[in-house]
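Note that the working numbering gives residue 397 to position 397 of the sequence shown, counting from 1, and the numbers run on in steps of one.
Hints listed in this document are in silico derivations from the structure and should not be mistaken for laboratory results.
Please read all numbers here as calculations on a predicted model, not as lab measurements.
A virtual CB, placed ideally from N, CA and C, is assigned to each residue, including glycine.
One or more hints might be untrue.
[Stated by the list, open to error] Pair ranges (Cβ atoms, derived):
1. D274 <-> L6: 58 to 64 Å
2. G277 <-> S233: 18 to 24 Å
3. E207 <-> A38: 48 to 54 Å
[Unchecked claim] Quick list of in silico lysine-lysine cross-link-like pairs, BS3-like style, CA-CA up to 27 Å:
4. K340 <-> K27
5. K327 <-> K376
6. K28 <-> K87
7. K453 <-> K398
8. K303 <-> K444
9. K282 <-> K433
10. K398 <-> K434
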Amino acid sequence: MRNLTLLTDLYQLSMMNGYVETNTADKKAIFDLFYRVAPGLDFAVVAGLEQAIQYINDLRFDDDDIAYLKSLNLFGDKFFKKIHNFKFTGSIRAMREGEIVFPSEPIMTVTATLFECQLVETALLNIINHQTLIATKALKVTQETDGGVAEFGLRRAQGADAGVYGARAAMIGGCKSTSNVLAGKMFGVKVTGTMSHSWILGFESEEVAFRTYARIYPNNCLLLVDTYDTLHSGVPNAIKIFAELRASGHKPVGIRLDSGDLAYLSREARIALDNAGFSDAKIFASGDIDENIIASLKTQDAKIDMWGIGTKLITSYSTPSLGGVFKLAGIYENDKLIPKMKFSDTQEKITNPGDKTVLRIYKKDGMAAADLIALKNEVFDTNKSLTIFHPIETWKSKTFTEFSLRELPVDIFKDGECVYNSPTIEDIILYAKKCKDEFWPEYKRLINPHVYKVDLSDGLYTMRQALLKKNMLLRSYE
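Could you build the full structure based on these sequences and the hints that come with them?
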């Protein structure tokens, strides 16, 4: 992985230099990475941790970096002394890739010097925001299709990195394959693809184009049937070629629809294929599809077995940004943590202070029932009842008597050393499916999903209210 140390905003370096100049650079601090409430993001699928780990491990300022920074004439000699032989020395806890996360829950917590925390903020947000966004979009798409989705978005992605790492995230979110060959090589995921219209237009007829393709790929023959006339040319010619393939001992895969009324065309194509004896031939659909179009097509009894999703998946078309943020939660003074929080007239922008974790509450049926954002040192006894309450509308509460708890964040770095063994992409995909299956469909549906409870523990709520009250008193004297 290339050196991304300068993948940061200038103001981060300006603050780092300021910390050095005020002798506060080595103060230990806690920052949380989380996302805020946003339309279409009732939940998210965590992705990008492996690349975040690579970024932290590779942090260094090489000679070219230092020469460039000196050319800006912004930073002092003490700053350059600080970045010489720089190495991250902090600790990081994070949710595993594939974990289901909700707004305000820390996806990642960085405990390090102020100098280090400011350096890593932008890049960590860039990595986690993007992959989490695409993985979430992929889950929403694939849950409407029983999982039969190929990611086809490389040519429409916002640059090469977005295409490659977006494909990785899409696989975590539930896609079965990608058209992206580089992603296939880098991550060991399945690559798939057939043909474009140019192949068919390059021959003297559709039939010849199909026959030629079938001769070259007799065991992987999926034909694009909408170049001229789907039902009067494409499907009949595909059936003719399929019959020839079968006669030679091969089994055709199916056809692809890329335009037109997909509900009507797929139903008619299914009838034609079945009548010709190819009931096992699959119908693959593509063409500016997303989860909403898929849901609509299903209500129209569309006969589509597999889906190729490109633009609207790789760009997360309906929700272009996760909106993740990286906020200070505490600073250590003489080894004592002083909790910090951001205040705002906008409720969603008020942050949660202190060193925190996230606990998932499960009922005895094994299904997730609620999440609790708690202080890291709080202890909960599952042999006793647990009452949680809404952090704003505090009269709303729920008591659990038979339940279990699972702490979601795990240790990634301790004192600068990585202590986490990154799983294979196959294991991440399996873990993501397991996490998804822990939630009832009501929480994941596209229209008016049921609100999943995310509450604050007693300890965190008390700390938060005390800081809010202190801030109110300070403002009253202004």
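Hints that the structure is at odds with (numbers, increasing): Hints that this structure does not satisfy do not exist here, as all of them hold.
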